[in-house]
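Each chain is listed here by its residues.
Number of protein chains: 2
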Amino acid sequence: MLNFRPVLLVTGALVAALGVMMLIPMFADLIATAEVHRADWSAFAIGASASVLIGGGAAAASWGRIETISLREGFLLTSASWLAIVVFSAIPLAIGEMELSYTDAFFEAMSGITTTGSTVVSGLDDAPPGFLLWRSMLQWFGGVGVIIMAFAVLPALKIGGMQIFKNEAWDTSEKFIANAAQYSLGLSGIYVFFTIACFIALWGFGMPAFDALNHALTAISTGGFSTKDASVGAFLTVGRAPLDLVITVFMVIGSLPFGIFLIVIMRGAWKRLFTDSQIRFFALTILVLTLAVMVDVIEAFGHLGLFTAFRMAIFNVVSILTGTGYATTDYDDWGPFAIAFFFCIMFVGGCAGSTSCGMKIFRFQVALAALVLYARRLAHPNGVFVARYNGHPLTNEVFVSVLSFFFVYFAIFATLAVFLSGLGLDTLTAISSAGTAVANVGPGLGDIVGPAGNFATLPDAAKWAMAAGMLLGRLEFFTVLVLFSPAFWRG
Amino acid sequence: MLNFRPVLLVTGALVAALGVMMLIPMFADLIATAEVHRADWSAFAIGASASVLIGGGAAAASWGRIETISLREGFLLTSASWLAIVVFSAIPLAIGEMELSYTDAFFEAMSGITTTGSTVVSGLDDAPPGFLLWRSMLQWFGGVGVIIMAFAVLPALKIGGMQIFKNEAWDTSEKFIANAAQYSLGLSGIYVFFTIACFIALWGFGMPAFDALNHALTAISTGGFSTKDASVGAFLTVGRAPLDLVITVFMVIGSLPFGIFLIVIMRGAWKRLFTDSQIRFFALTILVLTLAVMVDVIEAFGHLGLFTAFRMAIFNVVSILTGTGYATTDYDDWGPFAIAFFFCIMFVGGCAGSTSCGMKIFRFQVALAALVLYARRLAHPNGVFVARYNGHPLTNEVFVSVLSFFFVYFAIFATLAVFLSGLGLDTLTAISSAGTAVANVGPGLGDIVGPAGNFATLPDAAKWAMAAGMLLGRLEFFTVLVLFSPAFWRG
Ligand SMILES: [K+]
Ligand SMILES: [K+]
Chain E
1 MLNFRPVLLV TGALVAALGV MMLIPMFADL IATAEVHRAD WSAFAIGASA SVLIGGGAAA
61 ASWGRIETIS LREGFLLTSA SWLAIVVFSA IPLAIGEMEL SYTDAFFEAM SGITTTGSTV
121 VSGLDDAPPG FLLWRSMLQW FGGVGVIIMA FAVLPALKIG GMQIFKNEAW DTSEKFIANA
181 AQYSLGLSGI YVFFTIACFI ALWGFGMPAF DALNHALTAI STGGFSTKDA SVGAFLTVGR
241 APLDLVITVF MVIGSLPFGI FLIVIMRGAW KRLFTDSQIR FFALTILVLT LAVMVDVIEA
301 FGHLGLFTAF RMAIFNVVSI LTGTGYATTD YDDWGPFAIA FFFCIMFVGG CAGSTSCGMK
361 IFRFQVALAA LVLYARRLAH PNGVFVARYN GHPLTNEVFV SVLSFFFVYF AIFATLAVFL
421 SGLGLDTLTA ISSAGTAVAN VGPGLGDIVG PAGNFATLPD AAKWAMAAGM LLGRLEFFTV
481 LVLFSPAFWR G
Chain Z
1 MLNFRPVLLV TGALVAALGV MMLIPMFADL IATAEVHRAD WSAFAIGASA SVLIGGGAAA
61 ASWGRIETIS LREGFLLTSA SWLAIVVFSA IPLAIGEMEL SYTDAFFEAM SGITTTGSTV
121 VSGLDDAPPG FLLWRSMLQW FGGVGVIIMA FAVLPALKIG GMQIFKNEAW DTSEKFIANA
181 AQYSLGLSGI YVFFTIACFI ALWGFGMPAF DALNHALTAI STGGFSTKDA SVGAFLTVGR
241 APLDLVITVF MVIGSLPFGI FLIVIMRGAW KRLFTDSQIR FFALTILVLT LAVMVDVIEA
301 FGHLGLFTAF RMAIFNVVSI LTGTGYATTD YDDWGPFAIA FFFCIMFVGG CAGSTSCGMK
361 IFRFQVALAA LVLYARRLAH PNGVFVARYN GHPLTNEVFV SVLSFFFVYF AIFATLAVFL
421 SGLGLDTLTA ISSAGTAVAN VGPGLGDIVG PAGNFATLPD AAKWAMAAGM LLGRLEFFTV
481 LVLFSPAFWR G
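These protein sequences, in sequence, are chains E and Z.
Its first residue numbered 1, the first sequence is counted upward by one per residue in the numbering used here.
Its first residue numbered 1, the second sequence is counted upward by one per residue in the numbering used here.
Wrong hints could be hidden among the right ones.
[Stated by the list, open to error] Straight-line alpha carbon distances no greater than 25 Å define the calculated SDA-like cross-link-like pairs of lysine to any residue that follow:
| no. | chain 1 | residue 1 | chain 2 | residue 2 |
| --- | --- | --- | --- | --- |
| 1 | Z | K158 | E | F385 |
| 2 | Z | K158 | Z | I263 |
| 3 | Z | K158 | E | S81 |
| 4 | E | K158 | Z | R38 |
[Said to hold, decoys possible] Chain Z regions said to be covered by chain E (calculated; three or more residues, Cβ under 8 Å):
| no. | region |
| --- | --- |
| 5 | 368-374 |
| 6 | 378-385 |
[Said to hold, decoys possible] One-sided and incomplete, this derived list gives chain Z residues near chain E with beta-carbon spacing under 7 Å:
| no. | residue |
| --- | --- |
| 7 | R72 |
| 8 | A340 |
| 9 | F407 |
| 10 | F488 |
No lab work stands behind these hints: they were computed from the structure.
Everything numeric in this text was worked out from a predicted model, so none of it was measured.
From the three backbone atoms N, C-alpha and C, an ideal C-beta is built for every residue, glycine too.
When you get a sec, could you build the whole thing from the sequences and use the hints?
Listed below in structure tokens is the structure:
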């Protein structure tokens, strides 16, 4: 039997906590330097009240000790809590000074929480501070939520091969962290540490404090929301420090497996950072892709210096590969190779156990291992071959999980692209919007939704469909899709 | 140890046989009504001589009894023989009256043999009959080659889950056909029968005999080459019989599993046509997709009658779904939904064991079975669930094979699309050319390579890359890719 009480209790408590967090942007608005922005505080006051009352009420109504949470309740809780948080966090965006429709506010909140970073807002440069801060905070919450989910929830639910990380630190024989709560606290601590480090670095290199705070929140979470319509490009003026390189470092950190950081800190096992198979493959991927883009931009803009080409290449490669989605230039203008290239790499993503999005590096490694194993068995039918990942043997069950993940990924992406086309979006806009949503990247391609545009002009149905795609992508599809299976609700 | 002798022997014999076949278009040119076309006969005479001499020479040099062919030799033979046939069948196209470059001739021959149907030729309406007939014959040979390969080769090589068809008729306890040669003869007989039926139907309904012959050859093989620049649309004039519906029937027949036809004929088991899981799913797919397109064209062109909408919809759905690629209208003009829709369904393909291309219906069924199984096991971790296909249980090995196939499909498609973009093709042209090549469909999308255009203007490198994509797609990737694995050549 499904027990809804723990689902309601946890979801309600999370919504109430979200309400309390709304007090931060409320204060940001109250102390705004521009008189015109201060009125925006009331939107957060109302949002906070609604969230605390309704969330707290739901939690109180279902109060009691939670003995166990079954697998099925785990699935339900994951989807329900993410969705409830989006519904409530959209309130202050809808009723505030920016006067978004609820559809737009929901899109923006979903884009925030899922760390997608697609926006329907233009005129960010003149938006109230509370509004900007709330968007950044949503991405930051989403980022840490995903890190904890990748350790506490996805391996248990066997989502897309994540079971291979089940024993990674969490269940080691040494049991160096006793339980899930402590473990989550450790991960959150590391996350906070890197956020502060990013803020200090950006601020120290000359970014205004408020912008530095916001970009710290959205860089470590590979979210990509900015405080400027021109995104990070707005801060790159001549004579300034290379803030893009600072941000690149923190986008990479946000895309590394946080569980490894924890092992490093608890055990002092620094070597793990350089021996972990996923980290090595990720580093190699960045290197190869950056070189490819360097060659392309040097060919396209002959007069570039090598260092400038490197900066342009690595920033955009890391921004799109990790699914952050900041822009410094509009690579739509770099020609057809760049467009197709960036479209493809946005699906790749960073490491599992990080804030980053996309298919994740380890899944490509497992898929490649499956192919190599296949070729070996074929050439030598009587040989005995075993594929390994980080030293652990890979079973057929893991291969099926990982490869089904790719299949579902493409199926959902294609369905969303066809649906968006059916709403009248041109082919490039439809395909890139679908891709950027499920991969939680942010910008699309083309004049309308590319790095230089935004999603404001899309029809409402497209915004709802994209929001659904973002949630599916962020929760790695199966977590949500299994709720639509009749078998789930039976028995 | 790899033994190259049988590979050389069979490949040489096939090339020699191809040379003999070139005598047919040679005679077609010799009896051409237009004086100007008769000179084209010499191209085929030269091509025939070269093929018979070199192919026959290779076969003679490696003559001897073939005791066994190992798995690895099977892989090598498959790739080598397809490639050799393309190399030689391109000769008369290159040196004939149409004056194609060898790159163009190779592209056209590869497009023919792989039943892709992309063309670099415009001015088909005035081309020599031998030239047109040879193109059609190449597709026809390719079609029957694929049917035989799907039974005799792919299941043994365990390509992309094809092992589930290993016991389907071929190895039944009844052993109603004693050996592979007889079995191949049976399949070829059915193929010839349907080709003749298609010719009679088209001719009887008013298509000129030569055009009817060519379209019979390219419809049953789901190849899609036509004798007119306007493709099948050229034969659809007011007051004429609905030749498009006749062709639709034979494209569907060409996409059904020929092994089932053989069972039907040998055992009189007519019911199998209606109980076979793959055929049922394929029929349902056609039905649903046709209805979707009917709704779209009725919305787009309000004044259409229901029957006209049905004809437009079912012809184009079947043509693209089965990977035939004939056109009656330019669906590029139907708006963004049609473009995205046709782009997606071109990857689907028909049934395994047919002449059709794409990913094949059974792979989608197996992938769906894997997902349903996953959901069930999740909801009831202690339950015992088994997925079945046509009554046979599906193992994890089959799931891995099928799902890796999808993964490789997308990886090769994306790589080819990025490569074509790097050659300067615009995004839509690059993506659709890559897709149409690996899925062996034929037409791309957009002004350049869409149903109304052709591939003549693409750079040479793009033509070679697309030709490679066609061969990979036709041989179901793994057959070729395994040759690039170091393990294959070891030991
Ligand atoms: K993002
Ligand atoms: K075709």
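### Violated constraints from the hint list, given by number and in increasing order
3, 4
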